[in-house]
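Trainee: Heads up: the sequence lines are chains A and B, in that order.
The numbering used here numbers the first residue of the first sequence as 18 and each following residue consecutively.
The numbering used here numbers the first residue of the second sequence as 77 and each following residue consecutively.
Hints listed in this document are in silico derivations from the structure and should not be mistaken for laboratory results.
Please read these numbers as outputs of a predicted model, since none were measured by experiment.
Note that beta-carbon positions come from the ideal geometry of N, C-alpha and C, so glycine has one too.
Treat the hints loosely; a few may be bogus.
Not everything, but these chain A residues come out facing chain B in the computed CB check (under 7 Å) [said to hold, decoys possible]: (1) Asn24; (2) Asp28; (3) Ile68; (4) Gly100.
The following label-pair restraints were derived from C-beta to C-beta distances [what the hints assert, rightly or not]: (5) Asp104/B with Ala60/A: 15 to 25 Å; (6) Asp104/B with Gly71/A: 13 to 23 Å; (7) Arg366/B with Gly91/A: 48 to 58 Å; (8) Glu81/A with Trp228/B: 45 to 55 Å; (9) Gln39/A with Glu615/B: 56 to 66 Å.
Residues per chain, in single letters:
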Amino acid sequence: MKVITANRLTDGRVIYRTSDGQWSPHLAEAQPLENEAAENALAIAEGEFGIAVGPYLIDYTEGEPGGQKWRREGIRLAGPTAGTTRTLGAA
Amino acid sequence: MYRYDEFDARLVRERIAEFRDQVERRIDGRLTEDQFKPLRLMNGVYLQLHAYMLRVAIPYGALRAEQMRMLATISEKYDRGYGHFTTRQNIQYNWPSLVDIPDILEELAAVEMHAIQTSGNCIRNVTADPFAGAAADELEDSRPWAEIIRQWSTLHPEFTFLPRKFKIAINGAAEDRAGIRVHDIGLQIVENEAGARGFEVWVGGGQGRTPRLARLVKDFVEPRDLLSYLTAILRVYNQHGRRDNLYKARIKILVDALGVEAFAGEVEEEWSYIREGELRLPESEILRIRSFFSSPSITDVSPVPEAGPAAFRHWLKHNRRDHQTAGLSSVVISLKPIGGTPGDATAGQMQVVADLTERYGFDEVRVTPDQNLVLPHVRNEDLFAVWTALVDAKLATANAGLATDIVACPGLDYCNLANARSIPVSQAISSTLEAEGLSEAAGEVTIKISGCINACGHHHVAAIGVLGVDKRGEEFYQITLGGAFGADASIGEIVGKGLAAEDVPGAIARILKSYLAQRQGDERLIDTLRRLGSDAFKEAIYADLAA
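Isolated chain A, as found in the complex (with noise of 0.2 Å):
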């Protein structure tokens, strides 16, 4: 399965697509998709202006980021594993 994932304009923030066409916050919002259908709504999703900046497929396994890029988009998702932010405590 897949997901589209993008950034959110304003502020950068990671988004995900819902099945209502709209952008979240939250991966668990996000609609999983099969591979066509992703490609369709990917496509849509690129021809609208909106709020998301750059949307992409990524793979999607169990509620998590999947395939080779899992490392990469588990941190999109979760924040920095490392450096000021976590040590401080910062929001």
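Guided by the hints, dock chain B onto chain A, whose structure is given.
Mentor: Quick look at chain B alone, frame taken from chain A:
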């Protein structure tokens, strides 16, 4: 320190107004992302993994106290309470909202700062010796020349769309602390046999996927001819540099392709047309710019303290540098706490540094290519007070130049281009080396980590380099040995296959133990590596892994 004149101030204000309009048009849909992207990049705005990133220019790494204070304020008001100082002496904010960035730029402009030309295929921020105007080994202060180059290159209409980004470094001391051999153009201030000052010009250095050391193109350029000679180089590059292949577009590839003699010949020919023209620098203008950069003079000359707590003396040993003026010292403020994130400073820490800059630092603080800060001018009698304040701010790590003074790019925790994480690996290395006493024991050691082949962490020019790679979704780290950054610059060699992240700290600890066992006299690690070759350390890296 240079102060904006009416032209600088107007230029920056006009640019902010222009960018505010561009952001508004992007938000309301009049600009597509494809149209907006080159515009935002020209203002230092990237889109990274989780957010926009704003890179703010710190010209030749030099800041006044009010500027450092503003960087702190911005991190608290618009970001997450910290900033990341980079290997090119800039600062990056990792979490600004696009809609806030015009306001951030307004705040920066209030203290004579901006983000212009911190990205894009243009001439970037000039890198300089962070100890310029202070170093005991200095021939001439490089800052006035860096400022002259900044003014010449800012929004230069002919060089705004180069084949690729373009980086210039300038050094005026015996030791090269600006990295002139790994920049597109490196300038070394020299004195000729007649005793006249001028510039050695090195061209075609760089890191990335095709690391090259710059080659000497001209052994002496007179100061008045500096801008015309730089223009000639840029024109040859602009005309012949490859625009058809992103990976072959840097000037180092052009110098390779033409050969250094043919390249220098092209430059000479172009220079012959423009040398006597309007780019010749009037002596009065050189003197005017120099007048902004006087170093402090003092009458109360105190020696460097020899007494005090052991931790203070330890800090002096590693973080104090000799100054060209008796009674003064330069101090390195390490942004490398053991197990911390290289180059990061919190808003509170930046405020403390601003206070120290104001109270004890003659209103000057610098950012180094090693991602540390420097107070270039501190009275020796004030060193203890400075150290005490740094201890309270958790900024007194006594490791400048040691193995735990690790350089690291943001890596896959932030960067859209990265293949692997850099920060957690650097933290693990730092903690391991400190726990085993190796940081202190090994003395001068450079360890630099990049999360991809773009080499923002400068791994090519570290005695121990670490390059993160991705192999089918797993992070691996290649070790390189024998690189160096300064006057004896060299590119490190890859040693064997990549390691898993958890094996890297142990491997580096074994390299240092092997070095300590094999070094002769007071050899530095780089000296031992050059004497024995990197293969002599291969067994140390891999022996325990095979067991």
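Trainee: When the structure is checked against the list of hints, which entries are broken? Sort them ascending.
Mentor: 3
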